[in-house]
Every structure is written in C-alpha cells, then in structure tokens.
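Between the sequences and the hints, there should be enough to build the whole structure, so can you do that?
Chains as they are written, first to last, in this note's numbering: chain A, 27 to 162; chain B, 4 to 646.
A couple of the hints might just be wrong.
Think about it this way: if two alpha-carbon atoms lie no more than 16 Å apart in a straight line, the pair counts; the simulated EDC-like pairs of lysine to aspartate or glutamate are [unchecked claim]:
#1 Lys121/A - Glu625/B
#2 Lys58/A - Glu625/B
#3 Lys225/B - Glu105/A
#4 Lys588/B - Glu143/A
Please keep in mind that the hints were generated in silico from the structure rather than gathered at the bench. These numbers were taken from a predicted model, which means no experiment stands behind them.
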Amino acid sequence: MEDITTKKEAKILVFSTEKISDPAIDLAGLLKMHYPPKVYTINIPCSSAVKPRWVLHAFEKGFDGVFIAADGTDCSYSEDCSEKTSELVGLIHKKMEEKGIELARLKMAAVCSVCAEPFVKHMISFNTYLSNIKSN
Amino acid sequence: MKNKIGVYICQCGSNISDYVDVEKVKEIVSSEDIVFLSKTTMFACADSTQKEIAADIAEQNLDGLVVASCSPKLHLDTFRNVAIRADLNPYNYVQVNIREQCSWAHSDKPKDATEKAIKLVLAGIHRVKHSVALEKLKISSENTVVVVGAGIAGMRSAIELADMGSQVYLIEREHFVGGRTSQWNELFTTGESGRDVVSSLYKQIKSHSDITLFTGAEVVSKGGSVGNFNIEVKITPRYIKPQCELDMDKFEKVLEICPIEVEDEFNFGLTKRKAIYKNYPSEFPEIPAIDDKNCNRCGKCLELCPDIDFGQKVETLNLKAGAILITTGFDPYEPKEGEFGYKTVDSVITLQQMKRLIELNDKELIYNGKKINKVGFIYCVGSRQPDGDNKYCSRYCCTSAIYTGTVVREKYKNIQNFHFNRGIRTYGKQELLYHDASENGDVFLQFYNDSTPAITSNGTGPKVTIEDFLTKGKEIEVNLDLLVLVTGMVPRKERNIADILKIPIGRDKFYNEIHPKLRPVETVIDGVHIAGACQSPKNITESVKSALSAAAKANSLISKGEIELEPTLAVIDKSLCKSAGECIKICPYDAITTVEYDGKTVSEVNKSSCKGCGMCIPVCPENAIQLIGYTDIEIESMIEALI
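Encoded structure:
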C-alpha cells in the first residue's frame, strides 16, 4: 500500500549558509526534530549569493519549492544581508513570473545558527502548502 | 572533470546505519560511471579507515573523494588532511552530511532516509566531478581574546592565554571576580578554600601586563567575525573612586549607616546585605561596590566616606579581538515549592545554602535559631529527573554533598549524617571520600526513581520516609534537624551573551560544543569557544581542564597573526563582462574594480580583498561571475542529482 503522506510530499530545495543556517539544520537533526525527508540542502557561503538561474533550474528539473534560509542580521559578510537577499528574491520573482511559475513556490526566511525549531516549522508548513498545490 | 572518484559511506557505529541502508546507498552510487570504487565503513574517521582511504587514493590514483558521514563541521578537515597525505588536492574532496541532515532528522522514516541519502551522495559525487584544485587564503588576525566570565575557568584561561602571548580582555558582569568558586569554603580534594584559589588567580591576573580585567562589565553587541571581532562592552560604575584604599573599620561604619537591606545572593538568601557591599573582606577587586539597582541615593554614606562618587557614569568600550571565550558558569538548581519539602517544610535548604551556612556558623551549626545535630541529604534534586527537563547527572554533587557532610561532622560536635541517594557517583579519586564517610559513621540509604522519599514535618524538624533499596525496600523513617537538598547545576538564567553571539544551545540547555570528543571547546561560530560549567555540569577540576583546552585552542587559532580561510573567491570572465557595474555596487569589501581588457573596460576582483561571500554573482546581468567552489556547473549538477 502506498503511503499517502509520502505521495503528497513536496520536493524542497534549501539554500542554506555554511556558517549560519546550516548549523541550525544540523542542530535540528541532532535534536531529532523531524521534518519532511524530501527536503534537500545545498549550502553556500551567503544567502545573498543565490543565483536566479539556480532557482529556475531547480523548478525546471522538478523541485516543487525552493527555500532560501537567509543569514539575517548574523551574516558575517554584510550587515544588510537580509535586505540584499530580499532584493534578490524580488529579482528571482520577476524571472519566475516571466516563466509562469507561482511566486509562492520560492520562500525566504532568516534562519539563525540556533534556529532549529523555526527551520523545522518552516519546512513543515512549506511542505504542507506545496503538497496542497500538488494535490490540486 | 574527474572520472576516478572514491566514495566512502560511513555507518557512524549505528548512528547512520540504524536508519539508512548504507549497503543500498553503496550499490546505487557505485553504478555511476565516474565512481571508481565505493565502500561502506563502520567509522570513516577511524585512524585505520583514514589510512585505508589514503592508500586507495594513492594506489588507485583516484582524482576525487567523497565521504558520506556526519556534518562537514566535524570532519571536513579530517578528510581534507587524508587527501593531502595521499597527494590529492583537498578541494577535490566533498563531505556529504547523511547523519545530522538525514539519518537523525528522518529517524522516523528509515526508507525515506535511505532514498534521501542516495540522492545526497549522488549530489556530492557530481559536485566533486566538477571541483578544481585550490589553495587556502589567509587573513590577518588580532592576537587578542575576549574572555567572558571571571570565575575559575575564565581567570585560569586568561592567565594561560596571556602566558602564551595573547592579549586578554577579561569581562566580568559582577563587581567582584571568582564566580561560584569564591562562594565555597573548603574544596575537596586539597582542602583549600575557594577564595584562596580565587585570590591566587587574581594576583596573577593583576601582575600580568597582557590581561585587562573589567568588572561590572557586560558584552552588549558583537560585530565582525573570526580574527577581527568588534565587541562592545558596557561598564556599570561601582561608584567608588578607583584610588580608594579600603579601611575596614570605616567600611563597617558605612555598612551600619546604609539603610537599604536586600537579599544576599552570595549567601543564597540566608542573610541580607546592604546597597554598598563586599561579599567577604578579602574579595577582589579590593574596593567595595554600590548596587545601582537598590541604592536609593540617600547620601548617608557620603558623609562618612569621601571615596564614594555618584558622579561615575556608565561607560561603553569597543574592543577588537581575534577570538572569544565564554566561561559564564552555572546556576544552582532552584527546587520548586514543595519539591522534597522545599519552602513547605521548615529546615529544608539546598546544598549551596548549606555550604554558606557552614561558613557563617563557627562553633555550632545553627539554622533558624536551632542547633543542628541530625543532617539529611537528598541526592539528585534537579538532576537525573525521570519526568523533568534535567535528564543529566550534574556530576559534582555526590562528591560535594559527601564532602559537606564530612566537613560538618569534623567541624561541629555530635553530628549524624544521613544520605538518601539514588546510587553514589563519586567517580575516580573521589570514591575514597565516599569510603571514608561510610567508615566514619555516615548512613547511606538508597531509593529508586519511582519511589522517592516523602518529606513531612514532625513538629520540630523534617522527617524523611524512605523505602530503602539497600534493606530490601524496608520503610524507614528518619527524623532530622536539617534536610539538605543536593541540588545540581542548571544553565545561567541570564544569558544575553548567547543571543548576542548566537551560541548553540543543546538539549540539556547548556551551550553546545561542535563535538564532545573531537572539538570539545569550539562552537559552530568560528572563533567563539566555550569552557567550564556554561557548557555542561563540571566540577572545578574539570572546568579548569576545559578552560586550559579552550585557551590553547583560541591561542593556536589567532596567535600566528593570520587565519587560513577557504579559497572561495569570485572570478570574472572578462570576455563576458560588459562593465554593468552591479558587482562593484554590491560588494561590501570594495574588492571589485575596473581594468582595461582587450580594448574595453571590465570588472576585476582583487583577490586580497575578496572574502568569497558571492554577493556579486547573482547581480551580474551577463552571468560573467563565478564563485570558486560554487560554480554554475557544480550547483546545477547537484540540483539534477537531487531531483
């Protein structure tokens, strides 16, 4: 028998940052906090370094959602990293619009180095949202 | 492009293999054309496995390496060094995290965890396929450490750091140094008093030109990063002129005249203190302090003492440091009302209060006006909780309680001690103390988790009713004069520093190291170290050991004056660049300038200024910029492998 919950699970690509949000994702695992298993992480130095073409490539290849786990005010590179990542999301949204991709499939939130619980909550709610889109 | 890649899939004992079918992962990834060999291993980090990997690289002439194991934060350098030993460039190695981000996170769904592990390893293989050989970058570093907390661990680490040549700023929130150690009188095993130990360390600190001590000081913000932290410190005035030479007779008179009385936290609420205070005569720094929160500025003390100065203002300092060491200690567990009779039955106190009570009572042990002869100790209060949050053992309390009982028995006459315990944990040399206490008449009774002693009042003192495990569950009633709850350690209630520095907090709510065995004093925040009881329950010996370890680690990180960083740099393809200038605008380090190239103006990255953040790469309209290690082909091939 097929597992209905697994069938509906969305594939989510997370861009995490090596020094800030990736430790939080590690911490979630260390604390055995469960989130949907089809969440895959690629880490990069800073959340303001996500190229629009990577996000579009992910959608093109079949990811249901992309989540940018932003550095927020903790970014060791720039104090206004959040603003820069937000502007970047705006730029990616424009390109998604051009391709007819629903904008809500790209989500960004600040995830600090100890934000294991917020990360898990984000993944569960994003998965629920994307799964509903899939089911409909 | 690599075509002879070695893949090693770690079981991590059973941390991974309990949830991920590692043989299946191996079988599937081995079918990739570019994978030359694949193996599973019990512990990839074991010395024997490292040797095996190095031998495979050398003998099979592998051109890429993938190890699927724990977080790269633990073993990235371990396997990079394996690659170096086998003459493979360390940047042709990729570590895939199938533990924290797979087997542990999805331990509830092993089948899905295996499927995820396969995709993660395939992504790693595709990343290494396109990786290039690189050399590390170097940045300058301040050989200065900010040590936060001047308790035993902070003081000892400050001295060690200064001895090794680092400049140290020692920041203490209280107006006096010594932390918890100064509150304890005799210490096991040496019999020295805590304050003697603190005095000795303080004298060394004052004589060391490379240590600057700030008391009444708190870190309020942090900027920068490893090698170049900017720390903002707020200094609360003590309202006594620094040149004050303490005259104890005059100080006694000032104490008498001060109308304010507040609970004395140094004595855990057993006594009151004044708004102007000094916890004990030989406390350091020598001059007293005025408690800003409670002083009503009546000015009576000014009439007696010209050294009091209410004109002193809060100061803010900006310190530069290469590394930070947190040694902020612990709080004793505060029992809930009614927990083993605490605050509901008369003459029930905590172990920490008992230690202060002994010091406050010279010839006879008196509590609430009553002479004490029968003392009971209930162990594991606030530790090893079957239902509460504190599952851990606080480590120091068994020894501390037995030693306290021994001190009481030896200091006062006709004392009988009863120890109601859940199994005594006087490990190592401390076992001798347990033996001596048993030999000298202390009575030990033992109970289980599910049958804790009942505490009632017998009208004159507490009565303990216990089903004693050592006498086959016989119910025993013991009437006492004083009951001591052997309370363990909990993390500090006030810890703004954790929010400021984003120090990870573990399941036990203490600060979390990267790895308890492999990187026990480092945190995931580069350059931020932890030591002492802020990390986990420790006795003084263990705190000092971890302080010395952290001092050595911090010094080795920054003392060379430069720190090696990842060679992650932005590179601009000048043939594609049309000099739009977006990269120049966004770079936070002014690392991008323009140059003439092939008859046109183009952008160029200054390698010595570029920090490898990658902010410039998404904004280039021509996609002319790549970040080394995160090139389009690497990221996009990973995306394809993950889907």
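Here is how each hint holds up against the structure:
no. : hint                : verdict
1   : Lys121/A - Glu625/B : 15 Å, holds
2   : Lys58/A - Glu625/B  : 43 Å, violated
3   : Lys225/B - Glu105/A : 12 Å, holds
4   : Lys588/B - Glu143/A : 36 Å, violated
Of the numbered hints listed earlier, those contradicted by the structure are 2 and 4.
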